[in-house]
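Student: If you read the sequences in order, they're chains U, G and H. Residue numbers 37 to 350, in our numbering, belong to the letters of the first sequence in order. Residue numbers 37 to 350, in our numbering, belong to the letters of the second sequence in order. Residue numbers 37 to 350, in our numbering, belong to the letters of the third sequence in order.
What the hints contain is simulated information worked out from the structure, not anything from laboratory work. It should be emphasised that the depicted structure is a prediction, and the values quoted were computed from it without experimental measurement. Keep in mind that a hint or two might mislead.
What the hints assert, rightly or not - Here are some chain G residues the structure puts well away from chain U; computed CB gaps all over 12 Å: (1) Val144; (2) Phe152; (3) His160; (4) Arg169; (5) Asp264; (6) Phe275; (7) Gly318; (8) Ala324; (9) Arg325.
What the hints assert, rightly or not - To list a few chain U residues with every Cβ distance to chain G over 10 Å, as calculated: (10) Glu68; (11) Ser73; (12) Lys156; (13) Pro230; (14) Glu251; (15) Asn282; (16) Asp332; (17) Ala345; (18) Asp350.
Unchecked claim - Okay, the calculated bits of chain U under chain G, using three or more residues with CB under 8 Å as the criterion: (19) 189-200; (20) 298-305.
The beta carbon of each residue, even a glycine, is placed where N, CA and C say it ideally should be.
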Amino acid sequence: MSNRRDFFKWAGVASAVSVAAVTRHALAAIPEPHSQSSAATMPALQTDAAHYQPVVTLNGWTLPWRMKDGVKEFHLVAEPVVREIAPGMKARLWGYNGQSPGPTIEVVEGDKLRIFVTNKLPEHTSVHWHGQRVPNGMDGVTGLTQKGIQPGKTFVYEFTARRAGTFMYHPHADEMTQMAMGMMGMWITHPKTPHPLISEVERDFCFLMNAYDIEPGSFTPNIMTMTDFNLWTWNSRAFPGIDSLNVRLNDRVRIRIGNLTMTNHPIHLHGHEFQVTGTDGGAIPLSARWSEVTTDIAVGQMRQIEFVADEEGD
Amino acid sequence: MSNRRDFFKWAGVASAVSVAAVTRHALAAIPEPHSQSSAATMPALQTDAAHYQPVVTLNGWTLPWRMKDGVKEFHLVAEPVVREIAPGMKARLWGYNGQSPGPTIEVVEGDKLRIFVTNKLPEHTSVHWHGQRVPNGMDGVTGLTQKGIQPGKTFVYEFTARRAGTFMYHPHADEMTQMAMGMMGMWITHPKTPHPLISEVERDFCFLMNAYDIEPGSFTPNIMTMTDFNLWTWNSRAFPGIDSLNVRLNDRVRIRIGNLTMTNHPIHLHGHEFQVTGTDGGAIPLSARWSEVTTDIAVGQMRQIEFVADEEGD
Amino acid sequence: MSNRRDFFKWAGVASAVSVAAVTRHALAAIPEPHSQSSAATMPALQTDAAHYQPVVTLNGWTLPWRMKDGVKEFHLVAEPVVREIAPGMKARLWGYNGQSPGPTIEVVEGDKLRIFVTNKLPEHTSVHWHGQRVPNGMDGVTGLTQKGIQPGKTFVYEFTARRAGTFMYHPHADEMTQMAMGMMGMWITHPKTPHPLISEVERDFCFLMNAYDIEPGSFTPNIMTMTDFNLWTWNSRAFPGIDSLNVRLNDRVRIRIGNLTMTNHPIHLHGHEFQVTGTDGGAIPLSARWSEVTTDIAVGQMRQIEFVADEEGD
Chain U
37 MSNRRDFFKW
47 AGVASAVSVA
57 AVTRHALAAI
67 PEPHSQSSAA
77 TMPALQTDAA
87 HYQPVVTLNG
97 WTLPWRMKDG
107 VKEFHLVAEP
117 VVREIAPGMK
127 ARLWGYNGQS
137 PGPTIEVVEG
147 DKLRIFVTNK
157 LPEHTSVHWH
167 GQRVPNGMDG
177 VTGLTQKGIQ
187 PGKTFVYEFT
197 ARRAGTFMYH
207 PHADEMTQMA
217 MGMMGMWITH
227 PKTPHPLISE
237 VERDFCFLMN
247 AYDIEPGSFT
257 PNIMTMTDFN
267 LWTWNSRAFP
277 GIDSLNVRLN
287 DRVRIRIGNL
297 TMTNHPIHLH
307 GHEFQVTGTD
317 GGAIPLSARW
327 SEVTTDIAVG
337 QMRQIEFVAD
347 EEGD
Chain G
37 MSNRRDFFKW
47 AGVASAVSVA
57 AVTRHALAAI
67 PEPHSQSSAA
77 TMPALQTDAA
87 HYQPVVTLNG
97 WTLPWRMKDG
107 VKEFHLVAEP
117 VVREIAPGMK
127 ARLWGYNGQS
137 PGPTIEVVEG
147 DKLRIFVTNK
157 LPEHTSVHWH
167 GQRVPNGMDG
177 VTGLTQKGIQ
187 PGKTFVYEFT
197 ARRAGTFMYH
207 PHADEMTQMA
217 MGMMGMWITH
227 PKTPHPLISE
237 VERDFCFLMN
247 AYDIEPGSFT
257 PNIMTMTDFN
267 LWTWNSRAFP
277 GIDSLNVRLN
287 DRVRIRIGNL
297 TMTNHPIHLH
307 GHEFQVTGTD
317 GGAIPLSARW
327 SEVTTDIAVG
337 QMRQIEFVAD
347 EEGD
Chain H
37 MSNRRDFFKW
47 AGVASAVSVA
57 AVTRHALAAI
67 PEPHSQSSAA
77 TMPALQTDAA
87 HYQPVVTLNG
97 WTLPWRMKDG
107 VKEFHLVAEP
117 VVREIAPGMK
127 ARLWGYNGQS
137 PGPTIEVVEG
147 DKLRIFVTNK
157 LPEHTSVHWH
167 GQRVPNGMDG
177 VTGLTQKGIQ
187 PGKTFVYEFT
197 ARRAGTFMYH
207 PHADEMTQMA
217 MGMMGMWITH
227 PKTPHPLISE
237 VERDFCFLMN
247 AYDIEPGSFT
257 PNIMTMTDFN
267 LWTWNSRAFP
277 GIDSLNVRLN
287 DRVRIRIGNL
297 TMTNHPIHLH
307 GHEFQVTGTD
317 GGAIPLSARW
327 SEVTTDIAVG
337 QMRQIEFVAD
347 EEGD
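Excised from the complex, chain U in its bound form (with noise of 0.2 Å):
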């Protein structure tokens, strides 16, 4: 039970780092982490509250939650994994609960939170929850909002999902070689009620596109790398690794998309045109879409792309 140790160890020095964080719930006990060793697509997380319809990670995973009390709990940890980013080729990053990306964490617009992250990394790290409506003290960025989570501790960020929409979560701290090292995840927030902005659809898939600089030989990104990567990755998964995006006939279809990487990166899709729905800044009017068949994707944005796939494949 180490993490339950490292936890109260850290509860222990809360209150000099950061006592807005604290509360009664907090120190009660904490869940298990979950964890996952295989770099395949996983089924969605049906859950028998849902009354959504849960989102597939291109070759990742959803982080199960618990009910305490009215809140959900998660618990990420954030450590050192092995993600194999293509058959035969295996590296050494960091994520969460044994991958990287970490797992997609799910939940529905106003739920109470509360995310435990335990820090198994030799260095400092935080949580900033990108493009969700959070208590300052929440926002994750270390030498602003909050110290850095010491090696061995875990912190505990709560608050509420204000918004829906698709989020991704990644540090504020070291970014330069925690996200180069594959640190991030993503996030989505289902409406509550229908939206009149949000599809209901058949599918919904998500993935973040990163980029690694692994020389040959070599199982460890180089992280000083700015510009010239040689593995462009959708969740740390490089082609022929990457799994296929399978729909039927007439599947009204969402894919939420982030960039991580350090660069612009268009998304093309054959066959089909699509609308871009919605940003991490929430959803757009109708008014405001068009049909593209190539968009493009800037460092830090997400996009939510939709069509209806009434075109046969092979």
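Using the hints, position chains G and H against chain U.
Tutor: Showing chains G and H alone in chain U's frame:
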């Protein structure tokens, strides 16, 4: 008549390659290919049948076609070419029908099309009709929707021009090499009847942005270059060799621009604001348009910009 | 009175340079240039005549002007400057009126303008009024619309501010050198009367993104660098020297951002969503706006972002 001979050679193995692509029409004589030796901007291709305003291709030309039993037939020849990038500078590129980029293909919504592609390169190729809705087997992706067209062979693409707009074509076979060598071209599908979102214009221009890395004293692009190009070209033409786009005062002007370089490239206009009126995904609704003086075009994107040239030049 | 002497020298050769640019007004005495020695954010320039909310230039200042026979007269001096990029780091740049970037120029729609540009650089220069509608001869492109302003000479630009919005200015003469050395500035044209698409705001900030390559131990940018910069700056100012943009709770905030680096650069905001409300092409119609937390700004683009600061800081 080497082309015809090659075609029949190809016809002999067609059943092993792509049965769907071989129809009784395809077995008929193929049209003689047209070729272009000049890098000058050629006049628009006026045809008796055309009720549309044909486009002018910057430092390029439009491919003539013939009508055969209700089908418009084109003949593209993929081949090594010598392209005059600017006065005094010729480069050994790969292109189509004598030039790089290849000729613009111009059709009308609803046209039934047959495009013969003869491969005179030293390696296999294919043609992807970027942005268009075509049957899966006509999409031109080697290893996925077809086998590559072998050297000396001719492949027949058949589909209907389903959607008005601006598109591109390029190989999906050894892409790093073939696109770095200059293989690409534009495709215009004019609306069959007046389209509420496609303006009638007095001037309609098109070009592709591309980039080369040709070292001084050399004539052939370095195809391994990914970021550090030394020639930024429009239709494989560099300043001061790029022709001007001449218009009359108060002309309504449309410029269709695709980007097949390796990075985003903005297009900036002095003296007038413009609107982006369409992409390769279709026309942009009026409610979604806004004014710009600089539009960013990502790799693989196409932008139609329009403005009224109501300011006098010099 | 070296400036005035230079001006008359210039006036003597004006007929050989650009007759159109020489009017009887231009031959009158030119205003004394204002200069700025500090890299701090200066207060907004309040004027008696102003019915507008003046902008605050991040780590910069606004150029005072004088009224002469119904014309607003400004005097820009292109010259070598020493810019404090951050505390402890000074760089030898080129700029205007003592700083790089140059001062913000702030006018009102319909204003008649006369801008004296004195060249104290060791080579010719010009000023292009990026995004504005000006007579062709006032567009500032050497070799095309004017001859370069020679060292020691003064050129007079005269035009009317025809369109409200956010613009930039920079040389179009030896651009690779002059812009890499820091020559650029912002231009705000306020609407003459309330504009349905230009919000009244409590806070109005502006800055340009630029980038330098200055090796450790050196003081002068490497002007040949195209992709691998080591200083990413806002108004030639780097962290931790960049001032914060301070607002009150519930202020409506506008930030006008231009990009004159060599690559796309996204702007990301924590804690609030924003809308892009305008570009250098004009205000964006309400129907075309959407929310973002990260907007991409391409080279040569300008974006106005707006939001209500309704979340408390720390």
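Student: Over 12 Å from every CB of chain U: does Phe275 (chain G) meet that, or does the non-interface label fail?
Tutor: holds (25 Å)
Student: Can we confirm that no CB of chain U comes within 12 Å of the CB of Arg325 (chain G)?
Tutor: With a cut-off of 12 Å, Arg325 (chain G) comes too close to chain U, as the shortest Cβ separation is near 9 Å.
Student: Taking the closest pair, is the beta carbon of Phe152 (chain G) still more than 12 Å from chain U?
Tutor: At roughly 22 Å from the nearest Cβ of chain U, Phe152 (chain G) sits farther out than 12 Å, so the non-interface label holds.
Student: Against chain U, does Ala324 (chain G) hold up as non-interface, every C-beta pair farther apart than 12 Å?
Tutor: violated (5 Å)
Student: Just want to verify: Ser73 (chain U) was marked as not at the interface with chain G; is every Cβ pair farther apart than 10 Å?
Tutor: Non-interface label stands for Ser73 (chain U): nearest chain G Cβ at 31 Å, farther than 10 Å.
Student: Taking the shortest Cβ-to-Cβ distance between Val144 (chain G) and chain U, state whether it exceeds 12 Å.
Tutor: Non-interface label on Val144 (chain G) holds, nearest chain U Cβ at 19 Å vs cutoff 12 Å.
Student: For Glu68 (chain U), is the shortest CB-to-CB distance to chain G above 10 Å, so the non-interface label stands?
Tutor: holds (43 Å)
Student: Holds or violated: is the Cβ of Asp264 (chain G) farther than 12 Å from all Cβ atoms of chain U?
Tutor: For Asp264 (chain G), whose nearest Cβ neighbour in chain U is about 9 Å away, the distance does not exceed 12 Å, so it is violated.
Student: The output says Asp332 (chain U) does not contact chain G. Does that hold with a beta carbon cutoff of 10 Å?
Tutor: Given a closest Cβ separation of 3 Å, the condition is violated.
Student: Is the claim that Ala345 (chain U) lies outside the interface with chain G correct, judged by CB distances over 10 Å?
Tutor: holds (12 Å)
Student: When you look at the beta carbon of Glu251 (chain U), is every beta carbon of chain G farther off than 10 Å?
Tutor: holds (16 Å)
Student: When you look at the beta carbon of Pro230 (chain U), is every beta carbon of chain G farther off than 10 Å?
Tutor: holds (23 Å)
When the structure is compared with the earlier hints, violations turn up for hints 4, 5, 7, 8, 9, 16, 18 and 19 and for no others.
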